[in-house]
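Residue numbers (our numbering): 1 to 63.
Just so you know, these hints were derived from the structure itself, not from any lab.
Don't take each hint at face value.
What the hints assert, rightly or not - For each label pair, taking beta carbons as the anchor points, the in silico distance ranges come out as:
no.: 1; residue 1: P63; residue 2: F29; range: 32 to 40 Å
no.: 2; residue 1: H12; residue 2: D42; range: 21 to 29 Å
no.: 3; residue 1: L62; residue 2: D25; range: 20 to 28 Å
no.: 4; residue 1: A26; residue 2: D60; range: 19 to 27 Å
no.: 5; residue 1: A30; residue 2: P63; range: 34 to 42 Å
no.: 6; residue 1: G19; residue 2: R48; range: 14 to 22 Å
no.: 7; residue 1: G19; residue 2: D49; range: 18 to 26 Å
no.: 8; residue 1: A13; residue 2: S33; range: 32 to 40 Å
no.: 9; residue 1: P63; residue 2: P28; range: 28 to 36 Å
no.: 10; residue 1: G34; residue 2: A13; range: 32 to 40 Å
no.: 11; residue 1: A53; residue 2: D25; range: 16 to 24 Å
no.: 12; residue 1: A26; residue 2: G50; range: 22 to 30 Å
no.: 13; residue 1: G56; residue 2: S33; range: 14 to 22 Å
no.: 14; residue 1: D35; residue 2: K15; range: 30 to 38 Å
No residue lacks a Cβ here, since even glycine has one placed at the ideal position from N, Cα and C.
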Amino acid sequence: MSAATNSTAGAHAVKALRGAALSFDADPFAVPSGDALRHIPDALVVLRDGRVAAFGAAQDLLP
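With the hints as constraints, model all of the structure from the sequences given.
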C-alpha cells in the first residue's frame, strides 16, 4: 500500500491510500457472501481533513 500527502499544511489536508481493498456492498448476513463482498485489487481511499472523501478503483478516481 502506498500513501501520498499534499504539501499544503493546514487547510484541507488531503491524503490518499492506494492498495488492495475489500468492500461490502450488501449485508453479508442477508445475502450470499459472494454477492456482498467486492475485491478491488487497485483501490484508492482519499481522506480530506481526516474523513473519507472518496473510495473506489484507482483508475476511476485518479485524473
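Assessment of proposed distance window 30 to 38 Å (beta carbons of D35, K15) = 32 Å, holds
For A30 and P63, compare the CB-CB distance with the range 34 to 42 Å and indicate the outcome.
-> 37 Å, holds
Cβ separation of A53 and D25, checked against the hinted range 16 to 24 Å = 19 Å, holds
So the hint says 19 to 27 Å: do the beta-carbon atoms of A26 and D60 match that?
-> 20 Å, holds
Are G34 and A13 spaced within 32 to 40 Å by their CB atoms?
-> 38 Å, holds
Beta-carbon spacing of A13 to S33 - inside the hinted bounds 32 to 40 Å or not | 36 Å, holds
Range hint 14 to 22 Å (beta carbons of G19 and R48) holds or violated = 19 Å, holds
For G56 and S33, compare the CB-CB distance with the range 14 to 22 Å and indicate the outcome.
-> Holds: the Cβ-Cβ distance is about 21 Å, inside 14 to 22 Å.
How does the Cβ-Cβ distance of P63 and P28 compare with 28 to 36 Å: does it lie in that range?
-> At 34 Å between Cβs, range holds.
For the pair P63 and F29, does the Cβ-Cβ distance stay inside 32 to 40 Å?
-> Between P63 and F29, where Cβ atoms are some 38 Å apart, the hint holds.
Do H12 and D42 keep their Cβ atoms within the hinted range of 21 to 29 Å?
-> At 25 Å between Cβs, range holds.
May I ask you to test the hint 22 to 30 Å on the CB atoms belonging to A26 and G50?
-> Since A26 and G50 have Cβ atoms about 28 Å apart, the given range 22 to 30 Å holds.
The structure agrees with every numbered hint stated previously.
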